[in-house]
Amino acid sequence: MFIDNPSFNLFNLNSVMALFKIGFIIFAILYFFFSLIVVRQVALMTETVITEAGGILKVLSIVYAIFSLAIVVLFFLML
Amino acid sequence: MQIRFFPSLFDKPQKIRFQEQELNEQIELFLRRHFITNVYWIVLAILAFFLPLIFIQLDQALGLNIVFRIPTNIALGGLIIYYLLILAYVIENFLFWYFNIYIVTNIHLVDVNFHSILSREVLEIELNDIENVSSKINGVIRSLFNYGDVIIKTAADKADITFSEVPRPDFVADRIQDLREQFIGGNGP
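Same order as they appear, the protein sequences are chains X and Y. Every letter in the first sequence is one number past the one before it in the working numbering, and letter 53, counting from 1, is 53. Take any residue in the second sequence, count from 1 to its spot, add 79: that is its number in the working numbering.
In case anyone wonders, no lab produced these hints; they're calculated from the structure. All C-beta atoms in this analysis are idealised placements derived from N, C-alpha and C, irrespective of residue type, glycine included. Treat the hints with care, as some may be off.
Over the 10 Å line for every Cβ pair with chain Y, so calculated as not near, a few chain X residues [said to hold, decoys possible]:
1) Gln-41
2) Lys-58
3) Val-59
4) Ile-62
5) Ile-66
6) Val-73
To be clear about the criterion: a stretch of chain X counts as covered by chain Y if any three or more of its residues have a C-beta under 8 Å from a C-beta of chain Y, and this derived list gives those stretches [to be verified]:
7) 12-25
8) 31-38
9) 42-56
Could you put together the complete structure from these sequences and hints?
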């Protein structure tokens, strides 16, 4: 990995770029965990109060989690 | 089938139930904060959505070219993160509005609180524990859209409940008072 590389220098532009890339990927992973919490919370709340729109909200929350996972994959491929 | 997402007051809804509902318990009122209370975060999210476009336009107009000096994949990554944060803000606010619910039944008052993505609380009191119900509308916006607070004072050992920013607070307070009298007059459900 670039951090193990002896030419790694904090003040080098490439190193700064690498830090940005790592930051983006960490953010995307944390965001995916956030979306999982949303899925869990929506499931819990739709069980607490049963409404007509509950099913749609559950599906939307799952779509959101899949979308967040796709962002993680995209960041790994793109950066 | 009509799916009603946005009304904040449902009178005797037929297709809504809650987890602790008893067999002989009927929902009389189902309330949320008035939809107009969401306008602040909706406007903020729309402004935030267009902010990068405005920034790029300004950057080009002033000839600074800051955007074009940033490597493409970093700029794109930053932009994606920015829009993800806006999406999270919208989702958090929508869920906060959608799942903060007040239910009035012929037996109980139920206050479902969705504090944040990580915590929720369900308060339930019997109608005969209510001592006093009052409503309050203060401010121009609240008067204009007819929404406000309903304050329910309960017996000393129970916590008071406030239905915050609900539509037609006078009607809601009246209805709770009527249901309480019916409940006490009939000695229970």
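Evaluated hints:
1. Gln-41: 6 Å, violated
2. Lys-58: Per Cβ check, Lys-58 of chain X is outside 10 Å of chain Y; nearest 12 Å; holds.
3. Val-59: Non-interface label on Val-59 of chain X holds, nearest chain Y Cβ at 13 Å vs cutoff 10 Å.
4. Ile-62: 13 Å, holds
5. Ile-66: The claim holds: Ile-66 of chain X sits with its nearest Cβ about 14 Å from chain Y, beyond 10 Å.
6. Val-73: Val-73 of chain X is indeed farther than 10 Å from all Cβ atoms of chain Y, at 12 Å.
7. 12-25: holds (count 4)
8. 31-38: holds (count 4)
9. 42-56: This one holds; 11 residues, not fewer than the three required, reach chain Y with a Cβ under 8 Å.
Hint 1 alone, counting from the list given before, is not met by this structure.
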